[in-house]
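Top to bottom, those sequences are chains A and B. According to my numbering, the first sequence is numbered sequentially starting from 1. According to my numbering, the second sequence is numbered sequentially starting from 1.
Please note: incorrect hints may appear among the correct ones.
To be verified - What follows is a set of in silico ranges between Cβ atoms, one per label pair, in the way DEER data are often shown:
| hint | chain 1 | residue 1 | chain 2 | residue 2 | range |
| --- | --- | --- | --- | --- | --- |
| 1 | B | T64 | A | F130 | 29 to 37 Å |
| 2 | A | A101 | B | P245 | 32 to 40 Å |
| 3 | A | K160 | B | P73 | 14 to 22 Å |
| 4 | B | I66 | A | D181 | 35 to 43 Å |
| 5 | A | L242 | B | D63 | 55 to 63 Å |
| 6 | A | K234 | B | A49 | 50 to 58 Å |
| 7 | A | G168 | B | I161 | 36 to 44 Å |
| 8 | B | A49 | A | G77 | 34 to 42 Å |
| 9 | B | I219 | A | F130 | 28 to 36 Å |
| 10 | A | L242 | B | I66 | 23 to 31 Å |
| 11 | B | H56 | A | S167 | 37 to 45 Å |
| 12 | A | A101 | B | T112 | 34 to 42 Å |
| 13 | B | N60 | A | D78 | 46 to 54 Å |
| 14 | B | A49 | A | M1 | 57 to 65 Å |
I should point out that these hints are in silico values taken from the structure, not numbers from a laboratory. For every residue, glycine included, the Cβ atom is placed at its ideal position computed from N, Cα and C.
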Amino acid sequence: MTNYLIRRVVGLVPLLFGISLISFGMMFMAPGGPTSVFLASSHPMSPVEIANIQHNLGLDKPWYVQYFLWIGNMLHGDFGYSFTDGRPVLTKIIEKVPVTALLIGVSFFFTILIAIPTAVYSAVHRDSVFDYVATAIAFIGYGTPTFWLGIELIQLFSVKWHLLPDSGLSSIDSTGFDLGDTVRHLVLPVATLTFVSLASWIRFQRSSMLEVLGEDFIRTAAAKGLSRNVVIFKHAFRNALLPLITLLGLYLPALLTGAYFVEIVFTIPGMGYLGLNAIFERDYPTVMGTTIISAVLVVVGNLLADIGYAAADPRIRYD
Amino acid sequence: MTSLPAKVVDTEDLTPHVSMLTDIWRRFRRNRLALVGLALVFVLLLAAALAPLLSHYDPNAIDTSIMGTPQTPSLHHLFGTDDDGRDYFARMLFGARISLEVGFSAMIIAVTFGTFYGAVSGYFGGWVDSVLMRFVDMMLSFPTFFLILAVEALTNNFSIIVIMLVIGLLSWMSVARLVRGQILSLRERDYISAAKAVGAPDGRIMWRHLLPNALAPVIVAATLAIGNNILTESALSYLGLGVQPPTASWGNSLQKALDPDVLGAPWLTFIPGLLIVITVMAFNLVGEGLRDALDPRSSGGRA
């Protein structure tokens, strides 16, 4: 296991290197480049001024020098400074992480809470009415744009019925932290994110369960006279849960994207909201920072999922 | 058990000879949901193709007399009018064109590139495979939509062609992985060794022997990709980084959804969203149906 861990972690180095190179290349090759932001600003600049700015930002150096300077700084935790407010990019991102994490965490909890029982029931009662309805809901969920669902919920629950707030994480007039208020603000965003995530988990868990139910050891368990419940829950269900660990790793980018959309629609100040605004304002350091940190979160998530899988499944060998 | 033969051959002769396509269609037809999906896809394609014939309104013509006060759906305006006094039915029809154009084109770009990439990786194996697949890992580590968004914003060009290219060129990775996996398992088969033994060149083995056999999952992935691309385009357009107004797209029709004028006209938000849901669902249903129909070993378990 230790060897496996070491190998996996060492394997991350080239991956992270590549990710940083792609992010850098993307920004470097952008038409106009970072200085276009200054060029577009209200007061027109002379070529000398532009050259000065480029020199100060190190933009007159060859690309590989710029890259190594940039990545060197990043390894020291210096992601550069935001073009819009001059604050360190890393600080700006880190203060948004808890918001996004809260959103993802809470809705993931509800997704699993709903998806797993639904999927298991669907698989055990295959081709029943329940199974068809669950399948239909999953297909609708796949096709539902996150932002549209958010808008519709706002339209119904906030605008029409005045039941729940439509934006932010706390009321403007609230003083300090008020749990009830935060929960009320979370209902619609979490409902949105949960619904669009449900589809994948229901479908995946259902087919995983069906697959296990078709295995020989299930027939053996049933044949030796174990009760149906014991077979389903003790033998099948446990084994059907294993692939979910992998899906968690694979699903992380989609979950982040979903959370970003929810933040945008509900004006919740998380990483997605920050990143999108940075894109609109052409705040390159912040865009690069958000992109890289999202990718790193995904890589780490995948690693944890793989390790979790290896730990949970004795059939996986580490050598 | 090796000498059972005569009877087995007999029963095989009894089954009527059916072509592969007939066989696939026979299996596809059994899945009712997939048939519904296929019917919906046909309706959408027809509506998009015949858009100018189905509505005599110009989707961009502004009726100043009703600007700012969206008209509710009526016989005159099937889907009502939007806040600029434009016929919403016509806009939705032309929006269907955009969605389908982007959906299909981006899919073709992604599938062509992904298939080529995956085939090279799987066929040559070794360090070529390692390098190519590590790159796929890297690309898959980014939340794809965020990457598309950033690239689209950076290129700052929102023509349909660029949107297709950006979506296509940033979504080929899963196809590449899929094809590589197929090729890896196929290339160990005896018939490939046989082809190599008689001296068939790499290109011929790839084209004649490997790719045709790896096609089934690619077709499924391609169908599902169309739905995904349509979602991506609508999201880009919603955020203002996709199809630009006044050109109608389902996504950009939702841009003003939370403006006071539009809030009072809920159908303006509901219709484009519902169209997106139906379209994406239709392609996904067809894709899943094809998955079962193309794989004779599956018992239709993924109904």
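Hint by hint, here is what the structure shows:
1. B:T64 / A:F130: 29 to 37 Å: 53 Å Cβ-Cβ, so the 29 to 37 Å window is violated.
2. A:A101 / B:P245: 32 to 40 Å: 36 Å, holds
3. A:K160 / B:P73: 14 to 22 Å: 18 Å, holds
4. B:I66 / A:D181: 35 to 43 Å: Since the Cβ atoms of I66 (chain B) and D181 (chain A) sit about 41 Å apart, the hinted range of 35 to 43 Å holds.
5. A:L242 / B:D63: 55 to 63 Å: Check passed, 60 Å falls within 55 to 63 Å.
6. A:K234 / B:A49: 50 to 58 Å: 56 Å, holds
7. A:G168 / B:I161: 36 to 44 Å: 39 Å, holds
8. B:A49 / A:G77: 34 to 42 Å: With Cβ atoms ~56 Å apart, the hint is violated.
9. B:I219 / A:F130: 28 to 36 Å: 31 Å, holds
10. A:L242 / B:I66: 23 to 31 Å: About 59 Å separates the Cβ atoms of L242 (chain A) and I66 (chain B), which means 23 to 31 Å is violated.
11. B:H56 / A:S167: 37 to 45 Å: Given a distance of about 41 Å, which is inside 37 to 45 Å, the answer is holds.
12. A:A101 / B:T112: 34 to 42 Å: 38 Å, holds
13. B:N60 / A:D78: 46 to 54 Å: Holds, since N60 (chain B) and D78 (chain A) (Cβ atoms, about 49 Å apart) stay within the stated range.
14. B:A49 / A:M1: 57 to 65 Å: 59 Å, holds
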